[in-house]
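**Q** Please take these sequences and the hints and turn them into a complete structure.
2 protein chains.
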Amino acid sequence: MPVTQPHAPVPLLEGLATTRTIRRYTDEPIPDDDLAAILWHATRAPSGSNRQPVRYLVLRDGAAALQARALLGNSFRTSWAAKRAADGYVPDAATDDTVADDTVADTPKARMAATMQHFVDHLESVPAIVLVCLQRYRGPNPYEGASVYPAAQNLLLAARAMGYGGALTMWHQMVEPQLRELLAVPDEVALSACITLGRPAGSHGPVRRRPLHDVVFQDRWGDSPTWAVDPPGTEHTHWK
Amino acid sequence: MPVTQPHAPVPLLEGLATTRTIRRYTDEPIPDDDLAAILWHATRAPSGSNRQPVRYLVLRDGAAALQARALLGNSFRTSWAAKRAADGYVPDAATDDTVADDTVADTPKARMAATMQHFVDHLESVPAIVLVCLQRYRGPNPYEGASVYPAAQNLLLAARAMGYGGALTMWHQMVEPQLRELLAVPDEVALSACITLGRPAGSHGPVRRRPLHDVVFQDRWGDSPTWAVDPPGTEHTHWK
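Line by line, the protein sequences give chains A and B. All residue numbers for the first sequence refer to this note's numbering, where the first residue is 1 and numbers rise by one. All residue numbers for the second sequence refer to this note's numbering, where the first residue is 1 and numbers rise by one.
I should point out that these hints are in silico values taken from the structure, not numbers from a laboratory. Do not take every clue at face value.
To give a feel for the contact side, a few chain B residues facing chain A, derived at Cβ under 10 Å [said to hold, decoys possible]:
id, residue
1, LEU156
2, GLY202
3, ASP223
It should be emphasised that the depicted structure is a prediction, and the values quoted were computed from it without experimental measurement. Built from N, CA and C at the ideal position, the CB exists for glycine as well.
**A** And the structure:
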């Protein structure tokens, strides 16, 4: 594809294995062409009946974007402070399961809390924010995500391919009414995800997950087949 | 990653751009190691709080799998026949929007109808079927898909990387009660998607989508920025 790739191309399997949530960004802006390429690859994802109901509402440095960032920043900070307090999520007494994505188990808990705090404290200066929206053609239902979250994942993978990183969060939901009014989002449109994007600051560990035999069954719920084993050499990616 | 790759590695961006729904498969089975690698890469997707609520219930050639395939085959054929009739979906009077994924607009409509018919007629012999399941920790909601469909997309992309292809469908829903009983699926688990997998038979056209300026907005719903243009050389992928 005729898009900017600052490094050697990342192989597809390697990209799938190494795309993790990125919450610390450099100040470097995302050029128009790169952002267009990231979003174009997001649109390649499948959707039910190929209806293509996903829309991407991008916030950068326009006047409305700055207002939206202020709303989101306050919301993210309030959400994180509440979670941190409610879950005892402090450096010396951290628990899992307290934040909305997958670096939780990827770093020592104190560092994780610091990363979260940094993330919410810098939301106003994240290079780009993309609200991934679903133009509904019927009422809300638990399976509608089949037509929107594959695109969100493609977006994150495309960002990774081009040297960027992102975080998919749902913390926009606390200010959703204000966001809708500010950005003129129609009632039938769902704000399905809020993705932050930028050039990663610092280095990042591997994605950590449960071993395959815990999550793959064959023929009957709970029956893990003997072949459901992690590929050789990936033991370091085990979660917990 | 130490997995089978029959061809040169597919670059990540190219993989995102060229992974399309595949509904015709050769008879070639999917070896255990390949299936494990595909599923392992699916598990690398993010989930809310890194809860990792996705489970993969695989149907191949076991006794329960054969019963499940019979249920699914009948369901898919009934669903397709009804849609085909209701929507006038015959070679000379086809309409869009009649099937549950993205080859609809990718082929001449007569060929598409033939592909759908072939797909539902051969469900019993698809090399593998994966029910992608969500272990819920709260009631069903429209945003729960954020923790399951990114994994489904990773699964399809990993299959592509390894020379396989698949189709994500929701046509299992018509026989869901019977499937749940047969496969002992607990009540709190959602059957979020049914993915068929196999080695693609024949060649396949490009993924076709709306142009970027139709789906990308900046600062305000409906306002497409000047930079939201498809990458040069991709005009042939425009939908309609």
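**Q** Holds or violated: is there a CB of chain A closer than 10 Å to the CB of B:GLY202?
**A** Violated - the Cβ of B:GLY202 stays beyond 10 Å from chain A, reaching only about 19 Å at its closest.
**Q** With a cut-off of 10 Å on the beta carbons, see whether B:LEU156 makes it to chain A.
**A** OK, holds: B:LEU156 within 10 Å of chain A, min 8 Å.
**Q** Close enough to count: is the Cβ of B:ASP223 nearer than 10 Å to one in chain A?
**A** 9 Å, holds
Violated hint: 2 only; the structure is consistent with all others.
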